[in-house]
Amino acid sequence: MSRKSRILRSARSELSAGSRPVTKLSGPGDAIAMIPYLLGFTPSESLVVIALEGPRKRFGPCFRMALVEDAEDVADQADYVVALVRHHHFDPVMMVAFSEQRELAEAALHAVQSKLSTDGVGLFDAIRADGSRWWSMSCSDPRCCGPEGVPYDVDTSRVAAEAVLAGMQRAPDRDSLRAQFAPLSRDRIDAVAEAAARVQAGASPPPLVTAGLHHPNSLTVERIAELAVAVQQIRGRDEAWAMMTRANAERHLTLWRAVMQSVPDALLPPVGALAAFAAWLSGNGVLASHAAERVVEVDKSYSMATLVIEALRASLNPSTWDTFRSETGLGAFRGGVAVADKARQAGG
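Residue numbers (the working numbering): 1 to 348.
Honestly, the hints are just simulated from the structure, not real lab data.
One thing to keep in mind: the hints can contain errors.
What the hints assert, rightly or not - Between beta-carbon pairs, the in silico distance windows are:
# : residue 1 : residue 2 : range
1 : PRO206    : CYS139    : 50 to 60 Å
2 : ASP70     : THR210    : 29 to 39 Å
3 : ASN317    : THR210    : 20 to 30 Å
Bear in mind the structure is a predicted one, so any value in this text is a computation, not a measurement.
In this text, a Cβ means the ideal position worked out from N, Cα and C, and glycines have one as well.
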């Protein structure tokens, strides 16, 4: 496999396409303060690209990927970024490189900036942020963008406060989100396993799921066992899968995440895959990635989880589910992922 192929296959862009509060951004500092809430965590050593929409340049979807260090990898990553931008028709865009390493951040920004210019994509601004100060790669006016950088504070920002009021959250870092899918106590898991052994297979998932969606945070051991057993077979899992829409995806995520944390590994794959898909459908690529990875740790061949990972790699937009849902199943969705991946690689 070539170096470029390795870079593209290992890159998993995390598309954030969830709800965004309508707030007025007065400058780069406000934009930097909002990004952790768009992603759900505070990024570091990361490149974030944001679509700007409408005449008022409101924040649209954004995606994040880890910065790379090797010069050849930087060029390949820039190709990948621009392919995603073109695939999603993002124009114009804003970029922020979060890093304390100036050369690393600026190399990434300059590489993408050059390729965006070649492709005729508008670039509103390219910013380097180190956690306390930001620098614009597009402006050198000392009155607003001096060489010493401009201070910013995410914790005290007005837009951050508005994001919190809108119900948005941010974790300290990406890895801390992984704990949302970690198993609970051994006693809890053993209790669910014992309850599952008493559950008769073949129950229809929709009534169980509907009931669970009403109180996903207070599920009994017995209800968790019933839900887990009901989706073990592909038919039952797909019935639960077909219930998901973009409007209810966050509630499904809450439900299946709660089940996922309480089941033994033997019951985990379909439950975790449903949680991963719900996270992707709600626009949270980071949580989708963590949930899918947890499934793969247990069963690397579980196709629904690997498909979510492929969807993340292809940067498939959750809005496409509206098309696939009428013919739900791995076949329809897999076809959509394959088409998106080819289009992304072609830059179209």
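Status of each hint after checking the structure:
For the hinted restraint 50 to 60 Å between PRO206 and CYS139, the CB-CB distance of approximately 55 Å keeps it satisfied. One distance hint, 29 to 39 Å for the beta-carbon pair ASP70 and THR210, is violated here, with the actual separation near 51 Å. Checked against the given bound of 20 to 30 Å, the beta carbons of ASN317 and THR210, roughly 27 Å apart, stay inside it.
When held up to the earlier numbered hints, the structure conflicts with hint 2 and nothing else.
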